[in-house]
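Here the protein sequences line up with chains A and B, keeping their order.
86 is the number that the working numbering gives to position 86 of the first sequence; each next residue is one higher, with no gaps.
In short: position in the second sequence from 1, add 233, done, that's the working numbering.
Accuracy of the hints is not assured; some may be wrong.
[Stated by the list, open to error] Just the calculated beta-carbon pair ranges, DEER-fashion: (1) Met31/A to Val266/B: 31 to 39 Å; (2) Pro9/A to Lys297/B: 33 to 41 Å; (3) Gln231/A to Lys243/B: 39 to 47 Å; (4) Gly26/A to Ser244/B: 49 to 57 Å; (5) Gly245/B to Gly134/A: 53 to 61 Å.
[What the hints assert, rightly or not] Distance condition first, Cα-Cα at most 25 Å in a straight line; then the derived SDA-like pairs of lysine to any residue: (6) Lys297/B to Leu58/A; (7) Lys252/B to Ala37/A; (8) Lys252/B to Asn306/B; (9) Lys243/B to Glu153/A; (10) Lys243/B to Asp283/B; (11) Lys252/B to Leu109/A; (12) Lys297/B to Ala108/A; (13) Lys273/B to Ala67/A; (14) Lys230/A to Arg22/A; (15) Lys252/B to Ala236/B; (16) Lys297/B to Lys110/A; (17) Lys110/A to Leu290/B; (18) Lys297/B to Ala72/A; (19) Lys110/A to Lys243/B; (20) Lys243/B to Gly282/B; (21) Lys297/B to Trp33/A; (22) Lys273/B to Glu159/A; (23) Lys297/B to Lys252/B; (24) Lys243/B to Ala108/A.
Treat the hints as calculated values from the structure; they're not laboratory data.
The model shown is predicted, which means the values in this text are computed figures rather than measured ones.
Where a beta carbon is used, it is the ideal one built from N, C-alpha and C, also for glycine.
What follows is each chain in one-letter form.
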Amino acid sequence: MRSAVLVFPGINREHDMARALRLVSGREPAMVWHADAELPAGTDLVVVPGGFSYGDYLRCGAIAARAPIMDAVRRFAGRGGLVLGVCNGFQILCEAGLLPGVLMRNAALKFICRDVYLKVERSDSPFTRGYNAGQVIRVPIAHGEGNYIADGETIARLEGEGRVVLRYVAPTGERDPAWNVNGATNAIAGVLNERGNVLGMMPHPENHVEAALGVTDGRGLFAGLVDHFKQAA
Amino acid sequence: MKARVTVTLKSGILDPQGKAIEGALRSLGVPGVASVRQGKVFDIELEGGDRRQAEALLREAADKLLANTVIENYRVEVTG
Numbered sequence: 001m002r003s004a005v006l007v008f009p010g011i012n013r014e015h016d017m018a019r020a021l022r023l024v025s026g027r028e029p030a031m032v033w034h035a036d037a038e039l040p041a042g043t044d045l046v047v048v049p050g051g052f053s054y055g056d057y058l059r060c061g062a063i064a065a066r067a068p069i070m071d072a073v074r075r076f077a078g079r080g081g082l083v084l085g086v087c088n089g090f091q092i093l094c095e096a097g098l099l100p101g102v103l104m105r106n107a108a109l110k111f112i113c114r115d116v117y118l119k120v121e122r123s124d125s126p127f128t129r130g131y132n133a134g135q136v137i138r139v140p141i142a143h144g145e146g147n148y149i150a151d152g153e154t155i156a157r158l159e160g161e162g163r164v165v166l167r168y169v170a171p172t173g174e175r176d177p178a179w180n181v182n183g184a185t186n187a188i189a190g191v192l193n194e195r196g197n198v199l200g201m202m203p204h205p206e207n208h209v210e211a212a213l214g215v216t217d218g219r220g221l222f223a224g225l226v227d228h229f230k231q232a233a
Numbered sequence: 234m235k236a237r238v239t240v241t242l243k244s245g246i247l248d249p250q251g252k253a254i255e256g257a258l259r260s261l262g263v264p265g266v267a268s269v270r271q272g273k274v275f276d277i278e279l280e281g282g283d284r285r286q287a288e289a290l291l292r293e294a295a296d297k298l299l300a301n302t303v304i305e306n307y308r309v310e311v312t313g
């Protein structure tokens with residue numbers, strides 16, 4: 001699996017992401033600079049990592065979404081290429097129009113840095129095939145603007161089409177407002193685009209892939225992607 | 234040419250920052266504040282003197298970057 005990790009000024013999670021990709025896929029990802037016009041040839045997966053691109057100036061991800069490399073990413077996604085956006089990456093994909101909705105300030109205003117529990121709503125996506133449908137995984141979040149907002153029609157469509165693939169839940173897997181710590185609409189933590197080839201998620205699976213850190217629940221996302229490309233080859 | 238673009242949240246969009254500011258004004262003893270919603274102001278200097286062209290340009294700037302039209306409205310004023 002050939003992956004490309006985008007780097008914008010102010011991104012700070014690209015090395016964690018590269019490490020996770022290297023550990024699980026066995027291949028070093030390409031680090032792609034925001035001002036480049038093209039993605040590396042043969043790219044299978046584009047990853048937009050977390051951080052504070054452009055200092056979150058104007059709106060989170062707003063300026064990064066309009067960087068030159070994003071035209072190449074749009075074309076790549078248009079051809080069905082897989083794109084994963086994590087945290088600031090999710091914000092960038094929404095601002096770039098590759099995903100609907102917007103991530104706004106956490107409802108209680110605080111930056112939240114802690115582990116949360118996510119329900120993997122479906123396992124028939126390349127991004128979630130490494131899990132069972134309904135599985136609950138523990139993944140860290142670290143964000144001040146993770147409150148997923150979209151108009152009623154968009155939310156209804158996302159839910160109706162099964163495009164909400166990750167949801168904040170209690171450790172038991174049940175919906176619980178206390179565990180929807182950023183107040184996101186319908187406790188939405190991750191969504192797919194219409195075609196199913198672009199996933200945006202606020203939590204950081206790349207930080208839970210090593211046994212030494214105690215939890216490896218994030219591995220399944222990357223392992224599933226590796227399997228997807230092995231099968232397709 | 235001087236212009237101002239004002240970006241505000243669409244009604245119905247939750248504004249916790251506005252609420253926090255509301256609470257702070259109340260704590261400070263400023264009376265009678267029913268609600269606060271926070272927006273953004275961009276003061277822009279444009280080259281050229283065509284007013285109509287300026288307004289079109291500013292709307293383009295707002296649509297493309299200054300406002301996220303999923304959640305925000307904007308107002309364009311050419312001031313001088």
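So, going through the hints one by one against the coordinates:
1. Met31/A to Val266/B: 31 to 39 Å: violated, 49 Å
2. Pro9/A to Lys297/B: 33 to 41 Å: violated, 20 Å
3. Gln231/A to Lys243/B: 39 to 47 Å: The hinted range 39 to 47 Å holds for glutamine 231/A and lysine 243/B, with Cβ atoms some 44 Å apart.
4. Gly26/A to Ser244/B: 49 to 57 Å: This hint holds: roughly 51 Å between Cβ atoms.
5. Gly245/B to Gly134/A: 53 to 61 Å: Roughly 33 Å apart at Cβ, these two residues miss the hinted range, so it is violated.
6. Lys297/B to Leu58/A: Distance ~12 Å between lysine 297/B and leucine 58/A Cα, so the pair holds.
7. Lys252/B to Ala37/A: violated, 42 Å
8. Lys252/B to Asn306/B: holds, 19 Å
9. Lys243/B to Glu153/A: Judged against 25 Å, a Cα distance of about 16 Å means the pair holds.
10. Lys243/B to Asp283/B: violated, 30 Å
11. Lys252/B to Leu109/A: holds, 10 Å
12. Lys297/B to Ala108/A: The given pair, whose Cα atoms are some 29 Å apart, is violated under the 25 Å limit.
13. Lys273/B to Ala67/A: holds, 22 Å
14. Lys230/A to Arg22/A: Between lysine 230/A and arginine 22/A the Cα gap is close to 16 Å, so the pair holds against 25 Å.
15. Lys252/B to Ala236/B: The hint is violated at about 29 Å.
16. Lys297/B to Lys110/A: Answer violated: lysine 297/B to lysine 110/A is near 29 Å, above 25 Å.
17. Lys110/A to Leu290/B: Cα-Cα ~37 Å, so violated.
18. Lys297/B to Ala72/A: holds, 18 Å
19. Lys110/A to Lys243/B: holds, 23 Å
20. Lys243/B to Gly282/B: With a Cα-Cα distance of about 31 Å, the restraint between lysine 243/B and glycine 282/B is violated, given a limit of 25 Å.
21. Lys297/B to Trp33/A: Holds. Lysine 297/B to tryptophan 33/A sits at ~22 Å (cutoff 25 Å).
22. Lys273/B to Glu159/A: violated, 32 Å
23. Lys297/B to Lys252/B: Given that 25 Å is the threshold and the Cα spacing comes to 28 Å, the pair is violated.
24. Lys243/B to Ala108/A: With Cα atoms ~20 Å apart, lysine 243/B and alanine 108/A stay inside 25 Å; holds.
In summary, the structure is inconsistent with hints 1, 2, 5, 7, 10, 12, 15, 16, 17, 20, 22 and 23 from the numbered list given earlier, while agreeing with the others.
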